[in-house]
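J.: Listed below, chain by chain, are the residues.
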Amino acid sequence: MNGLPPNPRPENGGDYGSPSQNEGSQVVDCPALSPRGEASRGRSGGGAPMMLSLGPLLTYWPRQRVFDFYAQMAEQPVDIVYLGETVCSRRHELRPEDWLDIAALLDEAGKQAILSTQTLIESESDLKTIRKLVDNGRFAVEANDMGAVRLLAEKKLTFIAGPTLNIFNGETLRFIAGLGATRWVLPPEAGAAQLNALQAQRPADMQTEVFALGRLPLAYSARCFTARRFNLQKDACEFRCLDFPEGLALSTRDGEAFLTLNGTQTQSAKVYNLLLEMPALLAADVAVARISPQAEHTAELIDLFRRCRDTLLTPQAAWEDARQHLPGEPCNGFWHGRPGLEQIFAE
Amino acid sequence: MSAAAPLELVCPAGTLPALKAAVDHGADCVYLGFRDDTNARNFNGLNFDDAALAEGLRYAHARNRKVLLALNTYPQADNWLRWTGAVDRAAKAGVDAVILADPGLMGYARRSHPQLRLHLSVQGSATSYEAINFYREHFNIQRAVLPRVLSLAQVAQVIDKTDVEIEVFGFGGLCVMVEGRCSLSAFTTGTSPNCNGACSPAKSVRWEQTAAGMETRLNGILIDRYADGERAGYPTLCKGRFSVDDATYYAIEEPTSLNTLELLPQIMEIGVRAIKIEGRQRSPIYVAQVTKVWRAAINACARDPQHYTPLPAWMAELNKVSEGQSHTLGAYYRPWK
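Heads up: the protein sequence lines correspond to chains A and B, in order. The first sequence maps to residues -7 to 339 in this note's numbering. The second sequence maps to residues -19 to 317 in this note's numbering.
The set of hints was computed from the structure by calculation and includes no laboratory data. Any given hint could turn out to be false.
[Claimed, not checked] Quick list of in silico lysine-lysine cross-link-like pairs, DSS-like style, CA-CA up to 25 Å:
1) Lys147/A <-> Lys120/A
2) Lys124/A <-> Lys148/A
3) Lys148/A <-> Lys141/B
4) Lys183/B <-> Lys141/B
5) Lys120/A <-> Lys317/B
6) Lys141/B <-> Lys147/A
7) Lys124/A <-> Lys141/B
8) Lys300/B <-> Lys0/B
9) Lys141/B <-> Lys120/A
10) Lys0/B <-> Lys272/B
11) Lys272/B <-> Lys46/B
12) Lys317/B <-> Lys272/B
13) Lys0/B <-> Lys46/B
From just these sequences and the hints, can you work out the full model?
T.: Below, the structure is given as structure tokens:
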């Protein structure tokens, strides 16, 4: 019921994402924006519940494990699920068609299924994959590169502006909104001060999403650091990422957990966790909190966020409970305008 | 793009003496930044105020060279006016182009200074012709600087499908990560290349002689440790030695510089319009040495591409000023990936 159709946007420009635009939808087998989605669009700060999303799976898992994972996620209290391979084009346990099947399954379970595009585009075949996602005809797309934004805007489709588009100011936010973005994701390195300033400048219909839990995606490269660990070239990587469902731990020479190698992506070793900051997220009228999939305990963490949002658990209790489910120490420095690896307790 | 257009040599200037060194030794263009966080080399004692910029422009323009001004960090909601002010200052000074990364700022430049030529910075992370053409359509960019992630064949594909001039990095410090999409320094030190214009900043560095050897740290994180007799390098965080799965090695990249001198014939052949030398933070001597070698190489290659090979003396000269005294072809060479 929550399927977000790839709405054609009005020719006259402006006012994207308003409820009225859905009347122009050419997609008949798909409901218009859910009441929940509409309700969350306002900036009232009261009444509209914050939604929870599951970010794209960043690590590389065997095919069956991915299907099993999303079958489980279909039963969890997340409102939105981002799907697809965003890290490496060599990863092909699932093809775009498989991701569409999973999207359909989640749609039937009442989730808003969104297809995420690859972050680093290198080749014509990378572009072909994006075009396939853009042309899927049913599910909305999260653009993680300006090339994807161009392809979506050309087709006059509404879209989600992903965390790697580097939206740091109101001028850029309004520009992206004008191209059809109905939701944007704060760059993870930005914090509360930047968020609040942008919330004051965002277009009225724009939803804001914040990366709220997971190892931080910190960098992307053409080089594969997992292959490098095994003295392999990327083109002949033997798909070693499959051996590391949680990524490959990198520590300093004095034994401090520092980073996580995930193929061409580098993540933090610590786990970004904004459970303590949930009251601040709610006060800032954040529409969506994003939880990044983990190899284990994703469902438990989603439930902690749900109970914290619904004030069934205090942020402190939820945060304490979450620790046992995280693959590393917690951090939240970015939110507080500090080095990302820090954990700050004072609001 | 016409492959016949000459290849421009674009050289760095952190100071006025460096600008003059670049011009004197054969740069076609010099790029520089203002003395603040509006550019990606925001280091103490570096960069140009309005007077130095005016003098630099006089010097370069008198010799028919161009000056490009990098405004390639991302303005924030609370400091937006510093960036738009910098665009205004650049336009008023008469620079030949500004190098921008932020779409909002490009929109401002188009509206306020329609005659100002815009280049897309490497910090814009545009690696495909779709992304580059996007900036062309919306902001009429004239040139794009490619992140150091594509192979030469991939660069050629981009050039085939855009009217935007393509500039590539030819020499200097090597970002292993896609520029504009790296938060490693922000994560470790709180200083963000995207927003603050610096990576692994000196203020976060600590050198410490310990029983285990010389240790280099960034905000307390051990980046490397050197045995007696090992040459200790600056702790750029992606060029340190770390432990992965019981092996200790340069897990991300060795301390090394990009050097594409040997690729010049192909770079010219596929129609690259400009080649960029990294190093605004380096000395005028570095700028002079590197510019001189690249000028000679480009001239030799343009005269006779079939018989061009980099002279050993050129390579030796460049290796002398390279990080770690070694060089790599980076992503241009597929196995590097």
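J.: Sort out which numbered hints this structure fails and list those numbers smallest first.
T.: 4 and 12
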